[in-house]
Structure formats: structure tokens, C-alpha cells
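A.B. asks: Spelled out, the chains give:
Protein chains: 2
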Amino acid sequence: MTAAPFNDWIKAVQAQVEDALDAFLPPAASVPGKLHEAMRYTALGGGKRVRPLLVHASGALFGADARAVARAAAAVEMIHVYSLVHDDMPCMDDDELRRGKPTVHVAYDEATALLVGDALQAQAFQVLAEADTVPPARQVAMLRLLAQAAGSGGMCGGQAIDLDSVGLALEREELERMHRLKTGPLLRASVLLGALCGKDLEPRELDALDAYAKAVGLAFQVVDDVLDATADSATLGKTAGKDAADNKPTYVSILGLESSRALAEQLRREAHEALAPFGEQALRLRELADLIVRRKA
Amino acid sequence: MTAAPFNDWIKAVQAQVEDALDAFLPPAASVPGKLHEAMRYTALGGGKRVRPLLVHASGALFGADARAVARAAAAVEMIHVYSLVHDDMPCMDDDELRRGKPTVHVAYDEATALLVGDALQAQAFQVLAEADTVPPARQVAMLRLLAQAAGSGGMCGGQAIDLDSVGLALEREELERMHRLKTGPLLRASVLLGALCGKDLEPRELDALDAYAKAVGLAFQVVDDVLDATADSATLGKTAGKDAADNKPTYVSILGLESSRALAEQLRREAHEALAPFGEQALRLRELADLIVRRKA
Numbered sequence: 004m005t006a007a008p009f010n011d012w013i014k015a016v017q018a019q020v021e022d023a024l025d026a027f028l029p030p031a032a033s034v035p036g037k038l039h040e041a042m043r044y045t046a047l048g049g050g051k052r053v054r055p056l057l058v059h060a061s062g063a064l065f066g067a068d069a070r071a072v073a074r075a076a077a078a079v080e081m082i083h084v085y086s087l088v089h090d091d092m093p094c095m096d097d098d099e100l101r102r103g104k105p106t107v108h109v110a111y112d113e114a115t116a117l118l119v120g121d122a123l124q125a126q127a128f129q130v131l132a133e134a135d136t137v138p139p140a141r142q143v144a145m146l147r148l149l150a151q152a153a154g155s156g157g158m159c160g161g162q163a164i165d166l167d168s169v170g171l172a173l174e175r176e177e178l179e180r181m182h183r184l185k186t187g188p189l190l191r192a193s194v195l196l197g198a199l200c201g202k203d204l205e206p207r208e209l210d211a212l213d214a215y216a217k218a219v220g221l222a223f224q225v226v227d228d229v230l231d232a233t234a235d236s237a238t239l240g241k242t243a244g245k246d247a248a249d250n251k252p253t254y255v256s257i258l259g260l261e262s263s264r265a266l267a268e269q270l271r272r273e274a275h276e277a278l279a280p281f282g283e284q285a286l287r288l289r290e291l292a293d294l295i296v297r298r299k300a
Numbered sequence: 004m005t006a007a008p009f010n011d012w013i014k015a016v017q018a019q020v021e022d023a024l025d026a027f028l029p030p031a032a033s034v035p036g037k038l039h040e041a042m043r044y045t046a047l048g049g050g051k052r053v054r055p056l057l058v059h060a061s062g063a064l065f066g067a068d069a070r071a072v073a074r075a076a077a078a079v080e081m082i083h084v085y086s087l088v089h090d091d092m093p094c095m096d097d098d099e100l101r102r103g104k105p106t107v108h109v110a111y112d113e114a115t116a117l118l119v120g121d122a123l124q125a126q127a128f129q130v131l132a133e134a135d136t137v138p139p140a141r142q143v144a145m146l147r148l149l150a151q152a153a154g155s156g157g158m159c160g161g162q163a164i165d166l167d168s169v170g171l172a173l174e175r176e177e178l179e180r181m182h183r184l185k186t187g188p189l190l191r192a193s194v195l196l197g198a199l200c201g202k203d204l205e206p207r208e209l210d211a212l213d214a215y216a217k218a219v220g221l222a223f224q225v226v227d228d229v230l231d232a233t234a235d236s237a238t239l240g241k242t243a244g245k246d247a248a249d250n251k252p253t254y255v256s257i258l259g260l261e262s263s264r265a266l267a268e269q270l271r272r273e274a275h276e277a278l279a280p281f282g283e284q285a286l287r288l289r290e291l292a293d294l295i296v297r298r299k300a
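Chains as they are written, first to last, in the working numbering: chain A, 4 to 300; chain B, 4 to 300.
No lab work stands behind these hints: they were computed from the structure.
All values reported here derive from a predicted model rather than from experimental measurement.
Not one of these hints is a red herring.
Any copy will do: because identical chains look the same in the list, a pair fits if it lies in one copy or spans two.
Here are the simulated SDA-like cross-link-like pairs (lysine to any residue), alpha carbons at most 20 Å apart as the crow flies: (1) K202 to A140; (2) K202 to P139; (3) K37 to M95.
Excised from the complex, chain A in its bound form:
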């Protein structure tokens, strides 16, 4: 059987992710209605769904159960969305536009944005913990992985370093550490969670997926910096040029534009190489690495 064209696969997965989020978010009609409505406002109807795509691609590699993949994809996306809601708040990046819509604290208010983020984080763990689609021991491993990726040793830690780096002239090494924490752990968790929906991972499978996730995670951030410096707000669906305006260190400010682009391309090749042991089965993961590096928004 020939695999569907990549663009068709993307669209199909994005539609499945939207359905899963809709199913796993509390109904807007249930109390407290305003909170649930705001959770849905920010989580549904948009986003590239990069992390869920990674979950699905990696699940496909090991023939994972579709219901397990749907839950894992929704869980990582809820963690990602909560981090955006909090990151956009006035005390953080103070951003008014996200995915082309007013941010939650603008559309509602700051207190609601705070609670939406808090509740989405809890909901992510709830979605994973309510599944009965993988054996309990592996389910615990998945919950542990998500918690580690979300916490102070992962995403929150990266945000904290990011916050403290404003106005500093970071070395490339420090910048990489910050980005490894900020975007890396959740992208890594996405790749591994998808695989764990299918089977317990052997060490060499784990190593190969780790190497892939590391390259893709870093490439994602390099490309984000390039786009922030070159694209316009309408294309990005968020305010462009924020990093320079906020005096944040970026790959573009440290390496320059052309070297940043070359680095992204090199990381794309590294991601492909990491997948070599999986052969043809890793098609979607390879295509996603290409998409992440060559995207325009």
C-alpha cells in the first residue's frame, strides 16, 4: 500500500486532533461554563498541531492503538496550549495575538487566563490517566514523561531561563540550553509518547527517537527565530519581531540569518539520519522534520 501524500495525512491528523481535543475538553455547558468556554476558545480551532503530529507519526511507526494516540496527542497539545496562554499574559510576554485570535487575557481577563492554563495542565494529566488503552506500567511511564517534560526540569524551566535572559548577550551554548529546555522536552515527549502508545521501547529505539527529537526540537527553535525576524504578523498568526523588540537573544541575533538557516538544514539532516534504523516505517517522522525546517509560519 502506498502511503497517502503528506499533506493529506497532515490534514487528516489535524482533524483527528481537533476531534480529540473537543472530546477530552470539558463541555462548555458544564459548570464552570466561562472557564470551560475559555479553555475551548484557546485550545480548539487552530494551531499547527506540531506536537500531536509528532505523536501520531511516532505512533504510526509502531502501529499504536488509535485511541491511545488520540489521548496522548490531546495531552501534549493541552500542555503546549496552557504554556502559550500563560506565556502571553501581561506579566510574561504581554502578547495580544495568538494563532490569529486575541489571547485569552484579552478575550476574557487575566484571572481567567491564569485559571485556563492551570486547568489545561491538570486536564492533560487527566486525559492520560483516564486511558485504559495501554498497560498500567507503561501508562505510568507516559505520565512520568509528560510531567518531567512540563515541569521545572523541562518546559517551565526553559521559560524561567528565557525570562532571565532578556537583555543578556548569551553565548550560543547558553542559548541552546535554554531552548533545549523550553521547546525540546515537550517535542521529545511527543515523539516518545506516540511510540509508547505502541510498545515498551528498547534502549536503541529510545536512543534513536531521542536523537531525532533533539535535532527536530532545536531546528524548531532556530526556524522560529528565523521566522520571527523575517515573516510578518499576519503570516505568523502572532506578533512578529517580538524577540528583537523585547531584546531577547535569538539564533538570528547570535549567528546571523544565513548561518541560522544553514544550522536548521543541518539539524534536518541529523533528524533523518537518526531515523535510519527504522527504514520506510519512519516516513511521517522524516516528513515532519522537513516540514518543521521548511515551514513559512
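Given chain A, put chain B in place with the hints provided.
C.D. replies: Below, chain B without anything else, positioned relative to chain A:
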């Protein structure tokens, strides 16, 4: 063997909880240091530790493994502490004093307070997911319970209703619903998590513990309202009279002071009755119900 006096038991458990939090929080020396220091600032060195006491008391009822109890107690306290940090922020209650110390956004800054809460929530799930002290299926049940208690159907939902109720003249029934969500689910989770550290619960054990937790949870809030109206800030370790100043509906504003006190006493008796099936073994849970109703701060 005669049980130790209640006060000695309390002090011993509080010391164990402090040790467990110290052990399960990331070291301040590890990156990102400022975030970890702020997490420790707010979680360590204070608090009545009501929820951990419930975990320990309920664990004692079923002879639970001490390491499992230590993790469950630390996890519920991290969820509680994160909720206080976010609740104290300017966009919520805007409180400057908590447990007798400046709140996190005052001692550090708002962005740090936001991240401290976010990271503590993730850490709570991580602490539970990293245990290998209970069978995996029960561990998943514990993680599910904590997520449900923390999320929009639990604590966050209660906060959202609280937020929307400012300035409203709630009926007693609506007030109870708000408080059932705001403080009830995490107190219930504490009781059940402690028990689950010991064994899978039979339906009638679950029902009895649920009835106890429901009575204690409501009593806790009624007494909180009474204390907010009658005690001073120094005794409370937080700003007294906030509810009236914020025009928030409370038991005292709806029932009056004396009827609120009578209600608390009635709930204390209901908590005792719920424990009848467990006999002498439930000593600590009975004593905790007494403490919660008769506390002065």
C-alpha cells in the same frame, strides 16, 4: 500499644512532610536556580499541612507503605501550594502575605510566581508518577484522582466560580457548590490517596471515606470563613477580613456567625459518624476532623 498524643503525632508528621517536600522539590542549586529557589521559598517552612496530615491519617488507617504516603502527601501539598501562589497574584486576590511571609510575586515577581505555580503543579504529578511503591494500576488511579481534583471539575473550577461570585448575593446552595469544588476535591483526594497507598478500596470503604471527606471539606471552609471574619492577620498568617473587603459571599455573610459555628460543629459530628465502620483505627482521622473545626488559625 497506646497511640501517641495527637499533638506529638501532628508535629512528627509535619516534620516528615517538610523532609519529603525538601526531597521531592528540585534542588535550588540546579538550573534554573531562581525558579527552584522560589518553589522552595513558598513550599517549605510553613503551613498547617492539613492535606498531608489527611494523607498520613488515612494511610495509617490501612497500614500504608511510608514511602508511598510521603510521596502522596508531598504531591497534594504541591498542588495546594501552587494554587495559593496563583490565587495570591494581583490578577486574582492580590494578597501580599501568606503563611506570615511575603507572597511569591512580592518576594520575587509576577512572572516568577506564575512559573512557580505551573512548575509545582507538574512536580506534583511527577512525584506521584515516579513512585514504584504501589502497583501500577493503583498508581494510575492515584494520578487520575489527583488530576480530577486539581482541574476544572475540581479546584480550578472552584476558583473560577469564586472569581465570578464576587459582589453576588449567592444562595447557601450555590455557595456550597462553589466551596465543594474549591476546597473539597483536594481534601477528598488527600483522604483517598492516603488510603490508596495502602490498598485497593472496596466500594463501602470508598463511600465511608467520601462521606468523611465531604463533611471535613465543607467544615474546613465554614471555619475559614468564621476565622476570616473574627481573627486578626497576625494569627492567620494571611490578610484577615479579605472576604468582606472583597465583597465575597461567605458562610458568615449568609448564615451569620453563630449559625456558621453551629454548622461547623454539625459537620464535625457527621465526619465522626462516617468513620464508625473503621473503629479505633480511624483515630487520627477523627482527631483531624476535630482539629479542622476547632482550630484558631
